[in-house]
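2 protein chains.
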Amino acid sequence: MLSVLSKAQAVQTVLDKTASLSLSIENIELSEALGRTLAADVVAAENIPAFDRTTVDGYAVIAADTFGAGSAVPAQLEIVGEIHMGENADFSLKSGQCVRISTGGMLPQGADAAVMVEHTDSEEGLCLIYQSAAPYENVTRKGEDICCGEKVLKKGSVITAAQIAVLAALGVRQVSVFCKPVLAIISTGDEIVQEKPRLGQIRDINTDLLAAAVRQAGCEVYCYGAVKDEREAIDTALEACLARADAVLISGGSSAGTKDMTVSIIEARGEVCFHGIAMKPGKPTIFGMVAGKPVFGLPGHPLAAYFVFRLIVRTYIAARLSQAPDMPHKSGVLAVNIPSNHGREEYLCIQYNEEGAVVPVHTKSGVISVLSAAQGFIKIERNAEGLLKGTVVDIYAL
Amino acid sequence: MLSVLSKAQAVQTVLDKTASLSLSIENIELSEALGRTLAADVVAAENIPAFDRTTVDGYAVIAADTFGAGSAVPAQLEIVGEIHMGENADFSLKSGQCVRISTGGMLPQGADAAVMVEHTDSEEGLCLIYQSAAPYENVTRKGEDICCGEKVLKKGSVITAAQIAVLAALGVRQVSVFCKPVLAIISTGDEIVQEKPRLGQIRDINTDLLAAAVRQAGCEVYCYGAVKDEREAIDTALEACLARADAVLISGGSSAGTKDMTVSIIEARGEVCFHGIAMKPGKPTIFGMVAGKPVFGLPGHPLAAYFVFRLIVRTYIAARLSQAPDMPHKSGVLAVNIPSNHGREEYLCIQYNEEGAVVPVHTKSGVISVLSAAQGFIKIERNAEGLLKGTVVDIYAL
Chain A
1 MLSVLSKAQA
11 VQTVLDKTAS
21 LSLSIENIEL
31 SEALGRTLAA
41 DVVAAENIPA
51 FDRTTVDGYA
61 VIAADTFGAG
71 SAVPAQLEIV
81 GEIHMGENAD
91 FSLKSGQCVR
101 ISTGGMLPQG
111 ADAAVMVEHT
121 DSEEGLCLIY
131 QSAAPYENVT
141 RKGEDICCGE
151 KVLKKGSVIT
161 AAQIAVLAAL
171 GVRQVSVFCK
181 PVLAIISTGD
191 EIVQEKPRLG
201 QIRDINTDLL
211 AAAVRQAGCE
221 VYCYGAVKDE
231 REAIDTALEA
241 CLARADAVLI
251 SGGSSAGTKD
261 MTVSIIEARG
271 EVCFHGIAMK
281 PGKPTIFGMV
291 AGKPVFGLPG
301 HPLAAYFVFR
311 LIVRTYIAAR
321 LSQAPDMPHK
331 SGVLAVNIPS
341 NHGREEYLCI
351 QYNEEGAVVP
361 VHTKSGVISV
371 LSAAQGFIKI
381 ERNAEGLLKG
391 TVVDIYAL
Chain B
1 MLSVLSKAQA
11 VQTVLDKTAS
21 LSLSIENIEL
31 SEALGRTLAA
41 DVVAAENIPA
51 FDRTTVDGYA
61 VIAADTFGAG
71 SAVPAQLEIV
81 GEIHMGENAD
91 FSLKSGQCVR
101 ISTGGMLPQG
111 ADAAVMVEHT
121 DSEEGLCLIY
131 QSAAPYENVT
141 RKGEDICCGE
151 KVLKKGSVIT
161 AAQIAVLAAL
171 GVRQVSVFCK
181 PVLAIISTGD
191 EIVQEKPRLG
201 QIRDINTDLL
211 AAAVRQAGCE
221 VYCYGAVKDE
231 REAIDTALEA
241 CLARADAVLI
251 SGGSSAGTKD
261 MTVSIIEARG
271 EVCFHGIAMK
281 PGKPTIFGMV
291 AGKPVFGLPG
301 HPLAAYFVFR
311 LIVRTYIAAR
321 LSQAPDMPHK
331 SGVLAVNIPS
341 NHGREEYLCI
351 QYNEEGAVVP
361 VHTKSGVISV
371 LSAAQGFIKI
381 ERNAEGLLKG
391 TVVDIYAL
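Residue numbers (our numbering), protein chains in the order written: chain A, 1 to 398; chain B, 1 to 398.
Worth flagging that the hints you see were computed from the coordinates, not collected in a lab. Be a bit skeptical, because a hint or two may be false.
Put simply, identical chains are the same to the list, so a pair is met inside one copy or across any two.
[What the hints assert, rightly or not] DSS-like cross-link-like pairs, simulated, lysine-lysine; straight-line CA separation at most 27 Å: (1) K155 / K94; (2) K330 / K142; (3) K283 / K293; (4) K154 / K142; (5) K155 / K379; (6) K154 / K330; (7) K196 / K151; (8) K293 / K17; (9) K280 / K379; (10) K389 / K330; (11) K379 / K196; (12) K330 / K379; (13) K17 / K151; (14) K283 / K228; (15) K228 / K17; (16) K154 / K280; (17) K228 / K293; (18) K389 / K151; (19) K151 / K94; (20) K154 / K196; (21) K280 / K293; (22) K17 / K389; (23) K280 / K142.
Start from the sequences, fold in the hints, and give me the full structure.
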């Protein structure tokens, strides 16, 4: 049996062993891009806006023509026409001239400001301007929003609605994204059934839980189903999953000896990189490489399986997708003391109480109800003896 | 023209006018349920676990038989067998007896505790127990995780991986969810084009932006496309959208007079409920009911269109789906003073600086780059004259 690693060592081992694995890239329609991960930086190929635009309804002017204007001494400018929305203003404004313009309209050459209609009067082809305009007042300059050549989106970004707007503005209708990694799930245990359980049996929870978590992490999932704790059955399942997936999750049955069986199956087909992480929950985690693909042995306990997925497997997924590392979601203040002296990094499901302070999800040994009730989780360092009431803690999203 | 409402009045009007509209319900497979919204409470039809289970590898005992046991005076119990994982323990333990058991195994009748194998020795059919066990020590009792008859999930919940685990544990393979509302999008403006823009024109951004936002809110989207600011064209688009969708979003062109055209089109076909909200951005928002369906007139400016979607349209969607109202995401400390004296509720895109404090997204008049760079937004109350550096502000997710 290999030595137990710290969580940081375990994550580093997974990242090192899988560093050379790369995902395929595909080009997809912009309309399908929400939530996918960019496979390359996006550099603006044009200016946004592509021309100087007004931000008000009124008159395009040469700012210098309005200097000194006020309500007592308006500037008088000749109205030489109107620029309609969407029209190319392909003429030059000369000193002493102005032109009618609507919000978003293109400034003609020479014009360098716009005056709101509320600060003007017009009669017989003349415009009276009651307020001086500074250069580029009420104007969005060419390239001011996005500048041609600027890196606007980074490789590894999970595409949001706002980023879709950026791509639409630039006319990018096809987006280069990483193909979704495929993760396979095997749920093992002599007591685990997918049909109605008899007394002494329980339903398979981990297949559905992990499948949803895998999808939420932006991956495809292949569910092999529940398998008894028999060497040949698990080995056959592993082989089938390796043929279909980029990585395999084997959530272990809880019977004694099963974990060693998983270790020995992985060893027979490839390499076991570690067995055991000094974290709670999640101690009996196994990680190996088989046929160049990562195989994760997760605890059978659903809460533990979920945390190992969240903290270890998701780090692997994020690295493959070039995503930024996991950050705390927010911080909160503990409403109670939390004891801990386990000598392993501990992860605890939390809720907010009525005052908005942080409390652990109350439970004796509930499993599924804890995870379902949790509004996030906190980490207690390996050497901490616990956390005192009033401590400000980082809270991570589940 | 109708009077300008406060944002709260606008939201209330939308909710009142659409209160009687209900969504259809469909039953879907549990594997498809992630992110969908529950259409009914889920009440547990069984106990989880369905039987008393051990949480350790060791021996199932009658706790009273171990009282007073210690390393010097171990309790001696007769080992009467072993309970295998998944097996129904259909016999009764008598005083003086114990049985081998693995983590997750079913306790036989009479047994009320489990002793870890580490605290025992066994020889010739006898088990020596070196530590006294309290009643129900190392045991998860029947119904302790979820109790039969307990309401485990609430109508209106957006289904998470953890909730899928709860449903899987209870054997619920079909889930009753709300059908996704269909929202149609029309983007209007003489300067808006979907092909490569000529000088003076700009690309349609709002169709893609709003479509992504609609999908993210758990709805289906129908994109009508870009339409010129012509009464007949917009009216035809509205009619086509009403035939296909539960609600219609018309993002207005920015040309003067367009908003009044949208108002008049809605008026001709139904009722305009308000035109104008005292919020920034988002002032020129229109809301009406046509053929029993809500029609939202959004500003043409993409940032403003997005905020109106986020604050008004999403409230309508959430109400239809029985979802809980929008809550701040977290709080933060302002790194700078933020002036504001607009007399309207103001919404501002924010980022975190290197120290984790909150700063507005720096911009002169950028539009798309602001939204894309934002990590959330804050609200400045209508009567506030701004916010001082150091103020703790609520931050909402975009």
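These are the hints, each one checked on the structure:
| no. | hint | verdict |
| --- | --- | --- |
| 1 | K155 / K94 | neither (47 Å within a copy, 66 Å between copies) |
| 2 | K330 / K142 | neither (38 Å within a copy, 36 Å between copies) |
| 3 | K283 / K293 | within (22 Å within a copy, 55 Å between copies) |
| 4 | K154 / K142 | within (23 Å within a copy, 51 Å between copies) |
| 5 | K155 / K379 | neither (29 Å within a copy, 31 Å between copies) |
| 6 | K154 / K330 | both (24 Å within a copy, 25 Å between copies) |
| 7 | K196 / K151 | between (55 Å within a copy, 21 Å between copies) |
| 8 | K293 / K17 | within (9 Å within a copy, 56 Å between copies) |
| 9 | K280 / K379 | within (10 Å within a copy, 40 Å between copies) |
| 10 | K389 / K330 | both (18 Å within a copy, 20 Å between copies) |
| 11 | K379 / K196 | neither (36 Å within a copy, 51 Å between copies) |
| 12 | K330 / K379 | both (13 Å within a copy, 19 Å between copies) |
| 13 | K17 / K151 | neither (31 Å within a copy, 45 Å between copies) |
| 14 | K283 / K228 | within (22 Å within a copy, 63 Å between copies) |
| 15 | K228 / K17 | neither (29 Å within a copy, 56 Å between copies) |
| 16 | K154 / K280 | neither (35 Å within a copy, 30 Å between copies) |
| 17 | K228 / K293 | within (23 Å within a copy, 54 Å between copies) |
| 18 | K389 / K151 | neither (45 Å within a copy, 31 Å between copies) |
| 19 | K151 / K94 | neither (37 Å within a copy, 75 Å between copies) |
| 20 | K154 / K196 | between (48 Å within a copy, 24 Å between copies) |
| 21 | K280 / K293 | within (26 Å within a copy, 52 Å between copies) |
| 22 | K17 / K389 | neither (40 Å within a copy, 47 Å between copies) |
| 23 | K280 / K142 | between (56 Å within a copy, 24 Å between copies) |
The structure shown violates the earlier hints numbered 1, 2, 5, 11, 13, 15, 16, 18, 19 and 22.
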